[in-house]
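Asks: Using the hints provided, position chain Y relative to the given structure of chain C.
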Amino acid sequence: MTETSTRETASGGSTSRGAGAAPHTPARPSRAAGLRDLSNWADWAALVGLIVLVVIFQSLNSTFLSPGNIQSMLVASAILIVLAIGQTFVVATAGIDLSVASTMTLAAVVFGMVFTAGHGLPLSMAAAVVAGAMVGLVNGLLVARGRITDFIVTLGTLSAASGLALILSDGKPATIISAPLLKLSTGSIGIFGYSVIVALVIALIAHIVLFRTRFGTHVLATGGNAEAANATGVRTKRVKTWVYVISGVLAGIGSILLVARVGAAEPAANTAFLLNSVAAVVLGGVSLFGGRATIIGPVIGALLLTALVNGLTLLGVSQFYQPLSVGIVVVLAAFLTRFQK
Amino acid sequence: MFGLLADPIGQTTRLNVETSMTTITAAESVPVADPTAPLLSLRGVNKSFGAVDVLRGVDIDIRPGRVTALVGDNGAGKSTLIKGIAGIHSFDAGEYTFEGKPVTVHSPKDSNALGIEVVYQDLALCDNLDVVQNMYLGRELKKSALLDEDTMEAKAKETLSGLSVRTLKSVRTLVASLSGGQRQTVAIARAVLWNSRIVILDEPTAALGVAQTEQVLLLVRRLADRGLGVVLISHNLTDVFQVADDIAVLYLGQMVAQVEAKSVTNNQVVELITAGRSGDLGLKHPMADVIEEGASKTGGVSA
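Just so you know, the protein sequences line up as chains C and Y, in that order. Per this note's numbering, the first sequence starts with residue 1, numbered consecutively. Per this note's numbering, the second sequence starts with residue 1001, numbered consecutively.
Rather than coming from a laboratory, the hints here were simulated on the basis of the structure.
Computed from the model, here is a short list of chain C residues facing chain Y with C-beta under 7 Å:
#  : residue
1  : ARG212
2  : ARG214
3  : THR217
4  : ALA221
5  : ASN225
6  : ALA228
7  : ALA231
8  : THR232
9  : GLY233
10 : VAL234
11 : GLY291
12 : ARG292
Note that the Cβ used here is the ideal one computed from N, Cα and C, for glycine as well.
Excised from the complex, chain C in its bound form (with noise of 0.2 Å):
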């Protein structure tokens, strides 16, 4: 995964393409020369943070680096890495999700009642994924056909997929009970809990169709020049629809995480994960300015935002500093990413 991350991060997103086979190097500056240059370190923000994390933690806190720790972290930070693979779709074309979360709510009630209905966890699971991808279809629509800003769109639906999931649960939680779930939530390969590795299989598969296939060609295109794409025949307003689907549809598999890992469905606000998932696709390099978004950026951003979270509980710093710290690696991301090419 790190080996991957280095590549990735150091051609700095769009270039990945050569990787295995010999890159192609020309526009690339030397090693001793890329250190000196201000514009390579904002590319690799995310991982130079997180291991600057882990240090500080693991030298003020020897159980920081321990295997049950190292699970429980990353465990922890499986909800927020599908949720920023998703975002990191609709920023690369330059717009913005404020919805994830509320639709990450909306799709775990919707996964309740469809369990407590008592149609078996497989519909369950599948009502959940659907109920994610029509809000994220509206979102799209609204986006690019109905031309109205990303922004207030997905605020809109924020509030209105909230709204839903309250009215639909009455307000309550539904406990769920069922063992594939806690087994989904506990289970583990060696460090890696079943729920991590779901979500690194997810990256795995947004790495592949950002950079090997034609649509996250389209993507990048539509959020580099979005005119320019047009006028080569890219249907942008197809793939600018399509990003909030992806959006919405991985807000529904971090439902099906979030209620294995709570037991229940719960109509939460669940605001954090909506903060955290910009927060981590600006860590890991993405510009909100569109056509320039790396997979792995955004996941190590997620690694970072848990670690710090985890790292700060750890030393006992009251939980009221953890908002402010996420806020000030935040900003301070941001302020790297002035110096990208």
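Replies: Frame of chain C, contents of chain Y only:
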């Protein structure tokens, strides 16, 4: 191919649509298709945006192996005309024929299918993508579900070397890091990647230095020498006279003349661009009806 310039338009030194059309029809008696027959013809094309008539009864012929310069002042309708040809917005009225057959072009895909490629002034390149990605944007090659990077890269290199382009170090360079001339080269190479028949270039030399302009003009000439129909939009008459075979002048949405470059002077073209008329070329004189009533020679378009 250029020996066959004895076409009616050149001789009459005046855009006379009816005459040229009939002569071309007469040439059809020859069994082999006339190599100078227009690839693309527009007749009486209109386009308005709201109350503004941007194009009024425009006629134009694009011939294979020739560079047709499209000139006109700002707001004359050049961009609207090529956007209509490219299908970015459809014409309100008029005939659009390709190789003598009437066609309908409502989207860039339609014009691409005919082999018409446009290189826009703003280049329509994505800075965040590399040369190969830009050349194949919207028409990527696939191997099953994934991109066929190897074939795309090989073909892009082949096309660039076929155009004698040697200024690019790597086809995997991000377009953002290319110079203006290199970007123009990439945009033009993209246009010829698809066995195109007609390439339309919108101000390809606008932001370039002297040496780069020279390179791009050479490239333009090379396209025509390969038998493509080339349309060159330019404000720079030096460039136009250097490379163009025909000059088409738009004046306030009307095509006032399409003449052979050799048959006109720089001054005449300037007059056509600024006043729509130069001597007996272009729009008819306001008093022309009085001077020569019903004269068949009045070639100006009266929309």
